[in-house]
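Asks: Here's the letter readout for the chains.
There are 2 protein chains.
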Amino acid sequence: MRFRFKQPVPLSLLRPPLPASAFRSLSQHSSFGIAFDIDGVILRGANPIGNSQRALRRLYNDSVAGSLKIPFLFLTNGGGIPESRRALELSDILGVKILPSQVVQGHSPFKTLLKRYENEFIVATGKGEPDVVMSEYGFKRVVSLDEYASYFSNIDPVAQYKRWTTRQESKCSKNSDKIIHQGYSKKVKAVFVVSDPVDWGRDIQVLCDILTSGGIPGEKSWHQPPLYFAADDLQYQAAFPSERLGMGAFRIALESVFNRIHEKPLELTCFGKPNPLVFRNAETILGHLLQSDVRRGNGDPGPGSPSFKTLYMIGDNPLVDIKGAQQAGHPWFSILTRSGVFRQRENHTQYPADLVVDTVEDAVAFILKREDAS
Amino acid sequence: MRFRFKQPVPLSLLRPPLPASAFRSLSQHSSFGIAFDIDGVILRGANPIGNSQRALRRLYNDSVAGSLKIPFLFLTNGGGIPESRRALELSDILGVKILPSQVVQGHSPFKTLLKRYENEFIVATGKGEPDVVMSEYGFKRVVSLDEYASYFSNIDPVAQYKRWTTRQESKCSKNSDKIIHQGYSKKVKAVFVVSDPVDWGRDIQVLCDILTSGGIPGEKSWHQPPLYFAADDLQYQAAFPSERLGMGAFRIALESVFNRIHEKPLELTCFGKPNPLVFRNAETILGHLLQSDVRRGNGDPGPGSPSFKTLYMIGDNPLVDIKGAQQAGHPWFSILTRSGVFRQRENHTQYPADLVVDTVEDAVAFILKREDAS
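Those protein sequences? They're chains A and B, same order as listed. Residue numbering for the first sequence follows my numbering, beginning at 1 and increasing consecutively. Residue numbering for the second sequence follows my numbering, beginning at 1 and increasing consecutively.
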């Protein structure tokens, strides 16, 4: 295990660790919590890396089967399936019981837009089942871009050359029949990029059609419907040895093309890390996890909602995970692993982490030792 | 028929038409020729528009079945299949006999690079059969990007979300077996975007892999292999009512992403209209057509290679067809139709054509009347 701190300075210059007694007075457990990035930290593709299974097991009580000892969650910019399904997948791969509330994906904050768009006609795109994700959040009139594009003959000029399709067979959103009957004159009120787009050319074309037309392809309008991205990762660590282009790269491609064919520049909102709101939200969820753990008789939270002394963000991407934790400020402590996007010996220059380690197992070992909770 | 000239000026301010006698002295036929754009002028998708069939028939001798009266060719930025095959397709759709030499596609000038890359390992991408096109030009070691990508597991991180509608036929180029046996350490010496890319996301990813690595994905290099585009059309008129994004839009998307992940800006070369070389090449081919027509006993070309008094470019895209003809200068005369990308009543502001008409039929009627050749 090789720890490497933000700067080659004595350990005494680190933010001083809290005395172990501080936690014991709150509960037997912790007033700290952990947020794990997934791709490049816990998994590469669908395979565990960095002894992530063993590391996660250390956060559970051996005595009470499956009960959480340390509150933790996954804070990923990925997505494409509902949090409930992702929790099952992760439980299966990692061999511990992950709750849906422990999974915060790039698109999870889209829930906060429910009031505005609950009954509006919206389009969702990205790998997996973007429309199902949005339906589960409560959006009542969402269609996937796959389905939306299928309403318009010849909208994709190279469709005939595709020997593949992104369409899920007969898995249209619940509301699609109604919309098809109403014709295609339904104005798109907002577009959501839920997960990494699969068919970039078709998506850029159809998004330009929707966004330059005010919501009805073929019409002309200056009013651009709002466009939301679940994240803005330029690159991420997938199964291929070198980084792959992510949603941020798609955003750059869309924006550069849109701004060449339309006078008014593209307007958009990006959620996901490094947005500080994502870290505030994670803090709230970790608080709930701690409270529900306490309610099960595992300790005494004291009056009011718990306030964490330290929250650890473990990630592989300086521009996303570390920048995000730094911008969020107290109580976040950033740990950068060398198992994904970042591979250098020395700390990252622009966004130095509080600590650099090789693997997530090293990170968890450091935290438990520092918190006297192993 | 509504003619509209470059400026709202009297006809007398037009470049004065040559007297009909000028042509009769060269041959019974013409010292003028015509270059037709295809998409938005002759066809929309696969359907003839603007009475293109009737217009083209006027360029043939009725007396001699199928013999050309007026030298003409198609000058398109499109492509994806060999010129011989495109000539057969066009003959079938348009009901006249089109020779392969009458078809100049965006990628046709790639032939001029044969000396440099004939025996080099090159990658070709785009709709249709980019590797077959390049093989027919004589390139001996070309593979399609489809095939190249298939050598690398997980190179496309969203491949699993693409549902193949047809079995991926083993449509490998003649040399692929050899290359597969040699492994993937073969350095890519150049990349050719032959026609409109189909799978933008995968292509941008793999092109970034090749071009940032010096030709071997995963390696690091400052030397970018040369990248050639057959054309640079931002948009073009296909079957959909409004314009579709073309190769130029793909170029913008690739360039903007590449320049964000790589310090040295992307270097590339674009062929196709409006490149003046394309118009020079068209002039040469039209000269050959006239000569071979003359050789068949249809006139006397006089000594040396024929020199045209006027060459007409009929196109729908001011930024491509009209700009190109203007930049090429004498003997080009530009005619803009309102049947494709351009739809305005008045002439284009930035690149005003010598003449604006509604359809290709109007354009041909104007030319034949002006040349006294109807």
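Keep in mind that the hints were calculated from the coordinates and are not lab data. Treat the numbers as computed from the prediction; the structure is a model and nothing was measured. Be careful, since some hints might not be right.
[To be verified] Okay, derived cross-link-like pairs now, DSBU-like style, lysine-lysine, Cα gap no bigger than 35 Å in a straight line: (1) B:Lys189 to A:Lys186; (2) B:Lys162 to B:Lys187; (3) B:Lys186 to B:Lys127; (4) B:Lys140 to B:Lys69; (5) A:Lys140 to B:Lys186; (6) B:Lys264 to A:Lys187; (7) B:Lys369 to A:Lys323; (8) A:Lys323 to B:Lys323; (9) B:Lys220 to A:Lys220; (10) B:Lys69 to B:Lys264; (11) B:Lys186 to A:Lys162; (12) A:Lys264 to B:Lys264; (13) B:Lys220 to A:Lys162; (14) B:Lys264 to B:Lys127; (15) B:Lys162 to B:Lys97; (16) B:Lys115 to A:Lys97; (17) B:Lys69 to A:Lys162; (18) A:Lys162 to B:Lys309; (19) B:Lys189 to B:Lys69; (20) A:Lys162 to B:Lys264; (21) A:Lys97 to A:Lys264; (22) B:Lys189 to A:Lys162; (23) B:Lys127 to B:Lys140; (24) B:Lys69 to A:Lys115; (25) A:Lys186 to B:Lys162; (26) A:Lys115 to A:Lys309; (27) B:Lys189 to B:Lys97; (28) A:Lys162 to B:Lys140; (29) B:Lys309 to B:Lys264; (30) B:Lys323 to A:Lys220; (31) B:Lys189 to A:Lys187; (32) B:Lys162 to B:Lys69; (33) A:Lys162 to B:Lys115; (34) B:Lys115 to B:Lys162.
Asks: Decide, hint by hint, whether the structure agrees.
Replies: Evaluation of the provided hints:
1. Between the alpha carbons of Lys189 of chain B and Lys186 of chain A the distance comes to roughly 49 Å, so the proposed pair goes past 35 Å and is violated.
2. Distance hint between Lys162 of chain B and Lys187 of chain B is fulfilled; the C-alpha atoms sit about 28 Å from each other, no more than 35 Å.
3. Taken as a hint, the Lys186 of chain B and Lys127 of chain B pair is honoured in the structure, with Cα atoms around 24 Å apart against an allowance of 35 Å.
4. Simply put, Lys140 of chain B and Lys69 of chain B have alpha-carbon atoms about 38 Å apart, too far for the 35 Å limit, and the pair is violated.
5. At most 35 Å may separate the alpha-carbon atoms for a hinted pair to count; Lys140 of chain A and Lys186 of chain B exceed this at roughly 52 Å.
6. For the given pair, Lys264 of chain B sits about 42 Å from Lys187 of chain A by alpha-carbon distance, which is inconsistent with the 35 Å threshold.
7. Between the alpha carbons of Lys369 of chain B and Lys323 of chain A the distance comes to roughly 70 Å, so the proposed pair goes past 35 Å and is violated.
8. Note on Lys323 of chain A and Lys323 of chain B: the hinted pairing is violated, with a Cα-Cα distance of about 47 Å set against a maximum of 35 Å.
9. The hinted pair formed by Lys220 of chain B and Lys220 of chain A fails the criterion: a straight-line CA distance of about 46 Å is larger than 35 Å.
10. Restraint check: the Cα-Cα separation between Lys69 of chain B and Lys264 of chain B comes to about 52 Å, which exceeds 35 Å; the hinted pair is violated.
11. Restraint check for Lys186 of chain B and Lys162 of chain A: satisfied, since their Cα atoms lie roughly 28 Å apart, inside the 35 Å limit.
12. Of the supplied pair hints, the one linking Lys264 of chain A and Lys264 of chain B holds, its CA atoms being roughly 29 Å apart against a limit of 35 Å.
13. A C-alpha spacing of about 32 Å is found between Lys220 of chain B and Lys162 of chain A, which places the hinted pair at or below 35 Å, so the restraint holds.
14. A distance of roughly 29 Å separates the Cα atoms of Lys264 of chain B and Lys127 of chain B; the hinted pair therefore holds under the 35 Å criterion.
15. Distance restraint check for Lys162 of chain B and Lys97 of chain B: the Cα-Cα separation of roughly 41 Å exceeds the 35 Å cut-off, and the hinted pair is therefore not satisfied.
16. Annotation: proposed proximity of Lys115 of chain B to Lys97 of chain A is violated, straight-line Cα distance about 63 Å (limit 35 Å).
17. For the given pair, Lys69 of chain B sits about 40 Å from Lys162 of chain A by alpha-carbon distance, which is inconsistent with the 35 Å threshold.
18. For the hint pairing Lys162 of chain A with Lys309 of chain B, the CA-to-CA distance comes to about 45 Å; that exceeds 35 Å, so the pair is violated.
19. Distance hint between Lys189 of chain B and Lys69 of chain B is unfulfilled; the C-alpha atoms sit about 44 Å from each other, more than 35 Å.
20. For the suggested pair Lys162 of chain A and Lys264 of chain B, the alpha carbons sit about 33 Å apart, so the restraint of at most 35 Å is met.
21. With a CA separation close to 49 Å, the supplied pair Lys97 of chain A and Lys264 of chain A exceeds the 35 Å bound.
22. Taken as a hint, the Lys189 of chain B and Lys162 of chain A pair is honoured in the structure, with Cα atoms around 27 Å apart against an allowance of 35 Å.
23. About 20 Å separates the Cα atoms of Lys127 of chain B and Lys140 of chain B, which keeps this hinted pair within 35 Å; it holds.
24. Taking the CA atoms of Lys69 of chain B and Lys115 of chain A, the gap is near 69 Å; set against the 35 Å cutoff, the hint is violated.
25. Taking the CA atoms of Lys186 of chain A and Lys162 of chain B, the gap is near 28 Å; set against the 35 Å cutoff, the hint holds.
26. For the proposed pair Lys115 of chain A and Lys309 of chain A, the alpha carbon gap of about 33 Å is at most 35 Å, so the pair holds.
27. Between Lys189 of chain B and Lys97 of chain B the alpha-carbon distance is near 39 Å, which puts this suggested pair outside the 35 Å criterion.
28. The suggested pairing of Lys162 of chain A with Lys140 of chain B holds, with an alpha-carbon distance near 26 Å, which does not exceed 35 Å.
29. Of the pairs offered as hints, the one joining Lys309 of chain B and Lys264 of chain B is violated, with about 46 Å between alpha carbons and a cut-off of 35 Å exceeded.
30. A hinted pair counts as satisfied when its Cα atoms are at most 35 Å apart, and Lys323 of chain B with Lys220 of chain A qualifies at roughly 26 Å.
31. For the suggested pair Lys189 of chain B and Lys187 of chain A, the alpha carbons sit about 48 Å apart, so the restraint of at most 35 Å is broken.
32. A threshold of 35 Å between alpha carbons decides the hint, and for Lys162 of chain B with Lys69 of chain B the separation of about 50 Å lies outside it, so the pair is violated.
33. About 33 Å separates the Cα atoms of Lys162 of chain A and Lys115 of chain B, which keeps this hinted pair within 35 Å; it holds.
34. Taking the CA atoms of Lys115 of chain B and Lys162 of chain B, the gap is about 38 Å. The hint is violated against a cut of 35 Å.
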